[in-house]
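So the sequence lines, in the order shown, correspond to chains A and B.
Each residue of the first sequence is one higher than the one before, counting from 1 in my numbering.
Each residue of the second sequence is one higher than the one before, counting from 1001 in my numbering.
Think of the hints as simulated: they come from the structure by calculation, not from any bench.
Incorrect hints may have been included.
[What the hints assert, rightly or not] With beta-carbon atoms standing in for the labels, derived distance ranges:
no.	chain 1	residue 1	chain 2	residue 2	range
1	A	E93	B	M1099	30 to 38 Å
2	B	D1027	A	A76	17 to 25 Å
3	A	D16	B	Q1117	18 to 26 Å
4	A	P106	B	G1102	26 to 34 Å
5	B	A1176	A	M99	17 to 25 Å
[Unchecked claim] Stretch-level coverage of chain A by chain B, calculated; a stretch enters the list once three of its residues show a Cβ under 8 Å from a Cβ in chain B:
no.	region
6	21 to 32
7	94 to 101
8	135 to 147
9	163 to 171
Since the model is a prediction, treat every value here as computed from it, not as a measurement.
By construction, the Cβ of each residue, glycine as well, lies at the ideal position given by its N, Cα and C atoms.
Number of protein chains: 2
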Amino acid sequence: MTTNMSPELEETQGNDHPLVSREAFRDGMAHLPGAVNIITTDGVAGQAGFTATAVCAVSDTPPTLLVCLNRNSSAAPSFTANTALCVNTVGPEHRELAMVFGGKTPMSDRFATGHWQQGVSSAPCLQDAPLSFDCRIIARNSVGTHDVLFCEVLDIKRRQSPEVSVYFARRFHDLA
Amino acid sequence: MTTNMSPELEETQGNDHPLVSREAFRDGMAHLPGAVNIITTDGVAGQAGFTATAVCAVSDTPPTLLVCLNRNSSAAPSFTANTALCVNTVGPEHRELAMVFGGKTPMSDRFATGHWQQGVSSAPCLQDAPLSFDCRIIARNSVGTHDVLFCEVLDIKRRQSPEVSVYFARRFHDLA
């Protein structure tokens, strides 16, 4: 139990304190478990996709999620110009696919792996993903190196898959 | 592989398509695995805390994470007025604590459970959490029913704990 605290003093302490290093932040975040998602888009700027854990629910009214996007990534120009986005949460059978979308494979070659179907947003949705959220991007917010994409959810597909993958401590884990 | 797509047409389809229902969104999000975190604050508006999976890394430059907060929750007034925030990612030994902070327990009684220590931000940090991110809130963004709190990271504590908890399919799972 925290007691005997002087709020004004502590607010000042927090506001003056230096930030952690980039390395410390990355190491810490590697130990925050997150679902493995392949995020895809299509539209005027063409198809693109990347693997990310940085997805979370925002509000159910209206149904909204967010995705964090590195503005320096090869996928960024398409996600900036298009409005369609699909979050495909993957399972152990998609490990190779998650590596393809998380690695250096040219954007034009990534969709040659996996079975894709156009969602109602027009984004490519992974046909056998355990879970997918087909969305339209409604707002973007720049924070440091990344854009936070706010997305309204148009369609959800959930399949009776036995397992969903989580990334934790720099490796994959499967939840059933 | 997606082929023969007309981007202009699909953009229109996505923009016109109705959203999923609140119930469908909640059911979908229940199947997106997320780390179990107890989010705490202290400062001019007093201590508060709640259990949430809606936390994610935003940028390592500067080191920034985000937390989604229901503006109608009992914790919201404190998180709106204070600037200190700690994300405490918990393990299986904190199951009761996660339920206390995720339930109807009055805010004034929640910190009677668990061992808390004031962090550099002034927020209460859970002493034996496997992972904690001590932060200052630098910006807030309202989206639907929720505020997205953007937080710069002042301190990270990672303990050699064997397991971290994830919430998936409406129950706890433990990762080692």
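How about the region 163 to 171 of chain A: do at least three of its residues have a C-beta closer than 8 Å to a C-beta of chain B? holds (count 4)
Apply the coverage criterion to the region 94 to 101 of chain A and chain B: a residue qualifies when its Cβ sits closer than 8 Å to a Cβ of the chain, and three qualifying residues are needed. violated (count 0)
Using the beta carbons of D16(A) and Q1117(B), state whether their distance is inside 18 to 26 Å or not. Holds: the Cβ-Cβ distance is about 19 Å, inside 18 to 26 Å.
The hint says 17 to 25 Å between D1027(B) and A76(A); measuring C-beta to C-beta, is that right? 31 Å Cβ-Cβ, so the 17 to 25 Å window is violated.
Coverage of the region 21 to 32 of chain A by chain B, judged on three or more residues with CB within 8 Å: Contact hint for the region 21 to 32 of chain A vs chain B: holds, 10 residues under 8 Å.
Satisfaction of the hinted span 30 to 38 Å by the C-beta atoms belonging to E93(A) and M1099(B): At roughly 34 Å between Cβ atoms, M1099(B) and E93(A) fall inside 30 to 38 Å, so the hint holds.
Apply the coverage criterion to the region 135 to 147 of chain A and chain B: a residue qualifies when its Cβ sits closer than 8 Å to a Cβ of the chain, and three qualifying residues are needed. holds (count 7)
A range of 17 to 25 Å was offered for this pair. Does it hold for the Cβ distance of A1176(B) and M99(A)? 23 Å, holds
Note whether the CB distance of P106(A) and G1102(B) lies within 26 to 34 Å or breaks it. Cβ of P106(A) to Cβ of G1102(B): about 44 Å, so the range 26 to 34 Å is violated.
Figure legend: structure checked against the earlier numbered hints; hints not met, in rising order: 2, 4, 7.
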